[in-house]
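If you're matching positions, the sequence shown starts at 9 in the working numbering and goes up one per residue.
Keep in mind the hints are simulated off the structure, nothing from the lab.
Please read these numbers as outputs of a predicted model, since none were measured by experiment.
Among the clues, some could well be false.
Derived DEER-like restraints, expressed as beta-carbon distance ranges [what the hints assert, rightly or not]:
| no. | residue 1 | residue 2 | range |
| --- | --- | --- | --- |
| 1 | Ile251 | Gly201 | 12 to 22 Å |
| 2 | Lys276 | Lys211 | 19 to 29 Å |
| 3 | Lys276 | Lys129 | 20 to 30 Å |
DSS-like, lysine-lysine: derived pairs with alpha carbons at most 25 Å apart [said to hold, decoys possible]:
| no. | residue 1 | residue 2 |
| --- | --- | --- |
| 4 | Lys276 | Lys196 |
| 5 | Lys199 | Lys130 |
| 6 | Lys199 | Lys107 |
| 7 | Lys199 | Lys250 |
| 8 | Lys276 | Lys107 |
| 9 | Lys374 | Lys325 |
| 10 | Lys394 | Lys337 |
| 11 | Lys456 | Lys67 |
| 12 | Lys59 | Lys360 |
| 13 | Lys356 | Lys456 |
| 14 | Lys456 | Lys77 |
| 15 | Lys363 | Lys59 |
| 16 | Lys363 | Lys58 |
| 17 | Lys337 | Lys77 |
| 18 | Lys139 | Lys58 |
| 19 | Lys196 | Lys212 |
| 20 | Lys129 | Lys139 |
| 21 | Lys188 | Lys212 |
| 22 | Lys180 | Lys276 |
| 23 | Lys276 | Lys212 |
| 24 | Lys374 | Lys456 |
| 25 | Lys394 | Lys356 |
| 26 | Lys363 | Lys374 |
| 27 | Lys250 | Lys107 |
| 28 | Lys77 | Lys129 |
| 29 | Lys250 | Lys196 |
| 30 | Lys77 | Lys107 |
| 31 | Lys360 | Lys67 |
| 32 | Lys456 | Lys360 |
| 33 | Lys325 | Lys456 |
| 34 | Lys136 | Lys77 |
| 35 | Lys211 | Lys196 |
| 36 | Lys456 | Lys337 |
| 37 | Lys337 | Lys67 |
| 38 | Lys163 | Lys250 |
| 39 | Lys188 | Lys276 |
| 40 | Lys325 | Lys67 |
C-beta: ideal position from N, C-alpha, C; glycine also.
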Amino acid sequence: MSHINFDFLTDSILFGSNLEDDFEALNEGILREELARYREYVLENFNEIKKEVIMDNRKITVTIESFGKRPDNNILKQLALYIDCVLIADPLFSFTEEKNEINDAWTEYLGIKNDGLIDRKKLSEALKYMKSITNLIVCDYVKFVPISILHEAPKEVPIRFDEYNFSEVLPKGVMDFLRKNIEVHNIKRTKGGVRVYLDEPLKKGTGLYMSFPGCPERMGEIVQYTNMQYISEDSTGRMLVKIGTPDTITDEEFRIWLNQSINTASQKLYAETYQELYFSQMLHSMYMTRSQLKADLLAMDIKNDSMYSSIANLALKLEVPVFCNVDLKDIIEIRQNYGQSFRNFRSKLGEKLIKLNGLKDDEMLKRELDAVSYEITETYINDIAKEISSLKRSIGMDGIILTGTLLTSYATGGLSLLGSVAATISAMKDSTKLFGDVRENPGYFLWKIDKKNRRKW
9 MSHINFDFLT
19 DSILFGSNLE
29 DDFEALNEGI
39 LREELARYRE
49 YVLENFNEIK
59 KEVIMDNRKI
69 TVTIESFGKR
79 PDNNILKQLA
89 LYIDCVLIAD
99 PLFSFTEEKN
109 EINDAWTEYL
119 GIKNDGLIDR
129 KKLSEALKYM
139 KSITNLIVCD
149 YVKFVPISIL
159 HEAPKEVPIR
169 FDEYNFSEVL
179 PKGVMDFLRK
189 NIEVHNIKRT
199 KGGVRVYLDE
209 PLKKGTGLYM
219 SFPGCPERMG
229 EIVQYTNMQY
239 ISEDSTGRML
249 VKIGTPDTIT
259 DEEFRIWLNQ
269 SINTASQKLY
279 AETYQELYFS
289 QMLHSMYMTR
299 SQLKADLLAM
309 DIKNDSMYSS
319 IANLALKLEV
329 PVFCNVDLKD
339 IIEIRQNYGQ
349 SFRNFRSKLG
359 EKLIKLNGLK
369 DDEMLKRELD
379 AVSYEITETY
389 INDIAKEISS
399 LKRSIGMDGI
409 ILTGTLLTSY
419 ATGGLSLLGS
429 VAATISAMKD
439 STKLFGDVRE
449 NPGYFLWKID
459 KKNRRKW
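Just need the whole structure built from these sequences, with the hints factored in.
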């Protein structure tokens, strides 16, 4: 939510008194109409939102991956002193997705209860979250952007066929990597939902649950075996078919279907990751993930069957001090009114990263990364360590200090990288193109807190 989005909500019933009781007294139709107005407003103002988001290119802006829980106070505290601006998926925009009859039908078929009504409790939680960090928006530290548009369900479900069971939709090395990191479990439809057998070995069946443990923030997906029966065809060529799930399938049918499902689930994770990377680059932002699996995926060289990019092990790795049990408002106070060394760090790192953008020679990039790492660590991080001691004395700031690792790397190849796998991101929404061109070398951050690192700050 940039300030433009906030302008809409200030005068909207969504930020009104009904929010406190989860919109209990508000008519469903009125609520849907207001959400539709918000969606239309955001889409019509894409270009203005872009102008707000694209800041001084010397500043460090990151887009946090949209899957899983919203960034909480902990992650916002950890990043506040080292990142100029954090872009978060607009939690309200995801409620504006138009109803999809096909999805609703499948949900009902699986036995999952769905009354078709807006989940008002979740809607209220999203809006309260947005309200709770208003001060972070005012100081231009946090902005919300409609990333969820990338992952909306298609209006029509395609019928797909691949003679190789989708085994070649990704480069071999990438597919092998993802297949090694997927877990598959049986499911069974129950009254009111689906049961996943996480503790039992996989066996032949017509329902599967597929997940990537290396991406704990991302929910798994349910896959159902189906077959089609021809019913009729009209004069326009439109065909009516009946889709159903058989009581049992053969060993060979299960083997083929399992292989197809693993391949398509791998393709989906890959496409989702690169869509968000692409989206962040259109906002002149780095993409930030907390998943080692995603970072490893982005580091792979898609032009080589099995090798990681030569830059994968040449990433810029910086260890920085992070306050653990200090209130977010106090961290923002440091960011705004104190902490000159932190500002110097952000300014210099942003300046250095801009110079790295566009370097196509890996050896030159390696040399530059080494030089930046040395300069930032020896000068700016050492200054930060000194300022922490000063802050403790002057304003009574105290707390457990852990070590955060900011790993900066680049998906080398830039647009050519995305272009060579265009087929794998065919679901890319046209609306993302409104944001303009991406930079030559899409960059990404991996952020981790190392609780075992005993370094004293």
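* To do: Take a quick look at whether Lys456 and Lys337 sit within 25 Å of each other, Cα to Cα.
  => Judged against 25 Å, a Cα distance of about 22 Å means the pair holds.
* To do: Below or equal to 25 Å on CA atoms is what counts here, so check Lys356 against Lys456.
  => Distance of about 21 Å is within 25 Å: holds.
* Quick one, are Lys139 and Lys58 close enough, alpha carbons at most 25 Å? -> Given pair Lys139, Lys58 holds - Cα atoms ~21 Å apart, limit 25 Å.
* Within 25 Å, alpha carbon to alpha carbon, are Lys196 and Lys212? -> 12 Å, holds
* Has the given pair, Lys199 with Lys107, been kept, meaning a C-alpha gap of at most 25 Å? -> It holds: about 24 Å lies between the C-alpha atoms, which stays within 25 Å.
* Pairwise hint evaluation, Lys356 against Lys394, where the allowed Cα distance is 25 Å at most -> Within the cut-off at roughly 18 Å; holds.
* Restraint check for Lys250 with Lys107, where alpha carbons must lie at most 25 Å apart -> Within the cut-off at roughly 22 Å; holds.
* To do: Given the hint that Lys374 pairs with Lys325, test it: the Cα-Cα distance must not exceed 25 Å.
  => 12 Å, holds
* For the pair we were handed, Lys188 and Lys212, check the Cα-Cα distance against 25 Å. => 20 Å, holds
* Asked: Can the suggested window of 19 to 29 Å be confirmed for the beta-carbon pair Lys276 and Lys211?
  -> About 24 Å separates the Cβ atoms of Lys276 and Lys211, which means 19 to 29 Å holds.
* Given the hinted pair Lys325 and Lys67, is their alpha-carbon gap at most 25 Å? -> Distance of about 18 Å is within 25 Å: holds.
* Mind checking the alpha carbons of Lys360 and Lys67 for me, to see if they're no more than 25 Å apart? => 10 Å, holds
In summary, the structure agrees with every hint in the numbered list given earlier.
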